[in-house]
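Number of protein chains: 2
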Amino acid sequence: MPRLLSSLSLHRHGINMRRSGLTSLFRTSSSAVQLPSSQINHNTNVRTMATQAKPTLTMENLNPNIKVMEYAVRGPLVIRAGEIEKELEKGVKKPFTEVIKANIGDCHAMGQVPITFIREVLALVTYPKLLEDPSFPDDAKMRAKLILAGCRGSSVGSYTDSPGIEIIRKHAAEYIERRDGIPADWQNIVISAGASDAIKNVLKLLICDVNGKKPGVMVPIPQYPLYSASLAEFNMHQIGYFLDESRNWGLDIAELNRSIQEARKVSNPRAIVVINPGNPTGQVLSRENIEEIIKFAHKEGLFIFADEVYQDNVYAEGSKFFSFKKVLMEMGAPFSNMELASFMSCSKGYMGECGLRGGYAEVLNMEPKVKAMYLKAISAMLCPTVLGQACLDTIMYPPQPGEPSYDNFLKEKNGVLDSLKLRAKMVADAFNSMEGFSCNTVQGAMYAFPNMKLPPKAIEEAKKQNKAPDAFYAFELLENTGICIVPGSGFGQQPGTYHFRTTILPQPEKLKEMLNKFAEFHKKFLQKWC
Amino acid sequence: MPRLLSSLSLHRHGINMRRSGLTSLFRTSSSAVQLPSSQINHNTNVRTMATQAKPTLTMENLNPNIKVMEYAVRGPLVIRAGEIEKELEKGVKKPFTEVIKANIGDCHAMGQVPITFIREVLALVTYPKLLEDPSFPDDAKMRAKLILAGCRGSSVGSYTDSPGIEIIRKHAAEYIERRDGIPADWQNIVISAGASDAIKNVLKLLICDVNGKKPGVMVPIPQYPLYSASLAEFNMHQIGYFLDESRNWGLDIAELNRSIQEARKVSNPRAIVVINPGNPTGQVLSRENIEEIIKFAHKEGLFIFADEVYQDNVYAEGSKFFSFKKVLMEMGAPFSNMELASFMSCSKGYMGECGLRGGYAEVLNMEPKVKAMYLKAISAMLCPTVLGQACLDTIMYPPQPGEPSYDNFLKEKNGVLDSLKLRAKMVADAFNSMEGFSCNTVQGAMYAFPNMKLPPKAIEEAKKQNKAPDAFYAFELLENTGICIVPGSGFGQQPGTYHFRTTILPQPEKLKEMLNKFAEFHKKFLQKWC
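Residue numbers (numbering that gives the first Met the number 0), protein chains in the order written: chain Z, 0 to 529; chain V, 0 to 529.
Isolated chain Z, as found in the complex (with noise of 0.2 Å):
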């Protein structure tokens, strides 16, 4: 039985690990005069012009939840990365020509190319004047005027209804019953500026302390850092559960249970994130460790977060994507009653539009009442981009057989698909051959975790650094050779483990280099501190 990292021993480990630096790293043009606070009085609004010349926002009065969050996949080790790239532009020699970006899953950045068909139908839909250009197939005008059809006065200009256009509703609705073989109701799809925005607007639902006690919400150790930035910034009690990285990171339900005991004491845990396929550790969930899951939330009464942005990207034999809504669906009641949100989005699959800001929610058996809230919420925020409506649009209603843009669409989509397969086997196999390296197999989504024994030297060295072992040595790894991968402790891990999160994304020929480089890297690291 693993021992247990506290949210907060986690946020105090990653806040002294990561806060050294940050703050210097970006400029002002600030011209404040600092005066001793003394001769400021906050309390009165008679006060003389001459003595407010401190700035009235400062770290002592600033929103203690910001204080304290982090976001590890664009934290200090990131920035510095930044910094590098400009340092290279401005021709200081280093050991290495580029920064190679390995810390976050950005697939355009890395070289891939994006869907032919995704982008014809955004350029009509932009500038319709291109419906009347030959050049453009008709599948892809067909899709083009049916979102220029839901769109108020046939412009992408024009605000669309909160939860997003209808008909791209209705798309989706359509997507999941494909999927699943399961009904789908369109009114319970809800459109996002990208899955964070989703996940957040029903995060935030449940902040609602009981009896003095915060809401908790059970998040993966290792996670991904949306989720533990969401909670500190909305003051909510961060559950960590750990998976179990000797059975190729799935959920150990003993392990569940033990997270929500000792978590009752201090918080009133209210729902349980699910990532599957997982970030940042790679697992394909199966559909018994899913009923498992499914059966312990209601146990528990806890909401689901089935975070399924990785749905398509599965590659190991034998993996197979089950969805959070089917499994449950499949059990019946009174698990098919279960309150449930499941996410998608256009930034990682295929298509990997990430900067384009695509993404929904489905939301099953919500409160009637609630989600009238939950819709209203999101109302005040008028709508998410409708571009990035119109790309969630081309991955839910695709290309059809026997439409021109078919074929193309299938060669490219698998194309990426195939790559990224091999690739997974690639980094896994890579790092499996590095001395003191073990990582498991990536059956799906972007991402390798693989976990790294360090020498006790080194830990000593980052420990004098006040840096967390695995921070070091990627600080050492970038500067070195330009690879930027984010820490283990970035996502959390067990107490004692260190590893470290890197993508699959780099084209072959690159990664192929990458993986050579890091290899060089590891061995000098290894002779240096042994």
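Everything labelled a hint here was simulated from the structure, so no lab data went into it. If a hint is listed, it holds; no wrong ones were tucked in.
Heads up, the list lumps identical chains together, so a pair's fine if it works in one copy or across two of them.
Computed list of lysine to any residue pairs in SDA-like fashion (alpha-carbon distance at most 25 Å, straight line):
| id | residue 1 | residue 2 |
| --- | --- | --- |
| 1 | K298 | L61 |
| 2 | K66 | I206 |
| 3 | K462 | R79 |
| 4 | K410 | T115 |
| 5 | K511 | E434 |
| 6 | K212 | L61 |
| 7 | K66 | K368 |
| 8 | K169 | N336 |
| 9 | K213 | L61 |
Use these hints to put chain V onto chain Z, whose structure you have.
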């Protein structure tokens, strides 16, 4: 001196008035069996499977801040308007054939045609193959190439830095410099998915109770309800200050003093929001008025939120837009050291690209460590939509004299603004000619906010129906004419006065028709209730 209408009582008012009917307007597929709550023990983790059928998320344990928040621009009246549209589609007979949505500043929805240059650039960056198409002008291609060069992997599908693409931030700084004649630092520009996103991201920095007092934010009454909604969501104290209707909705410093003194008893005032040009009130503040406000904010140690999204929408003779930044900088120290966030959007002005979700905050004099926290906080949401950013770029760096698109761009831009100027006058004149109505000059923005005297019998009837009198009027108007406006109570108003907001956006012929219908309805309404 106006009487105090506290934000609390405004909220209460709003809730009583608006919540009726809201929850019944959304259907869900929920099939959860409702069990008496006595059968459920929320404080134990030992429960049998059969007992969990009640939803875990209910109105009782929903986020209480979400429960109280209201957003009238998309409130029950607008929901009813949507229902009426569906009824009309189905052939239900009504005294009108279409709904005219004068409730929301949604330009393209009301027939405004997109600016060609903007859409050309967007099509080019979305589908770069079009860079070879000779029918696209060279300046649009040059802009597209600049934007793509700022995108990782030259794709708008990759993530950007969280505050946006560097070259676009630089173009925004240059735009601000041209506007104000004052230097702007591109690192102070934080691009966002529309101004709403930017406003909420700065506002949330101020969430911090001091000595048990909530942070307070001064907002104009009437105000754009994004502010009341966000303050409710963040559990901050709304400090309403009344705009002076008798001075064309200007800001009266005595009223600012009154409202902050009242508010200090129960909250810790930290910021002041000024909307200029005004929404819903249409005023354009004089330079002198802005100076007074800045001096007041300085005296009180307030962070200034300058909502300047209508900066291009100035129509009245003698009115001119001055940015808060320009005035504050030209006032010199100590004012030029004050903290200010100015917000801009792609959704308004002459472009009206609401659906693309582009905007920015220019943040001045923010304490460097605080600014680092601000940038950290937005990083978990990854980045604003890249196509929204690209749209912003076309506005920050429009066609220049001598470039091929210049003449047409200017013609289209001035066409929109000249027409809005005519419509601004047409709307105010029309309402001033109706019995019991008086409407200030629409100096800027996109709205008129007429004052209406309602017959006592109509007010009585409204109370019987548990509606605010102006909401009663607006519902009657909608059901009888199809015209959808927003009652003044959605924005706040002096107690005992009644107003409504209408946009000036219907195209001229449609607007004339709408105003005629409105006048006819109003006459009948007065007859019925006199």
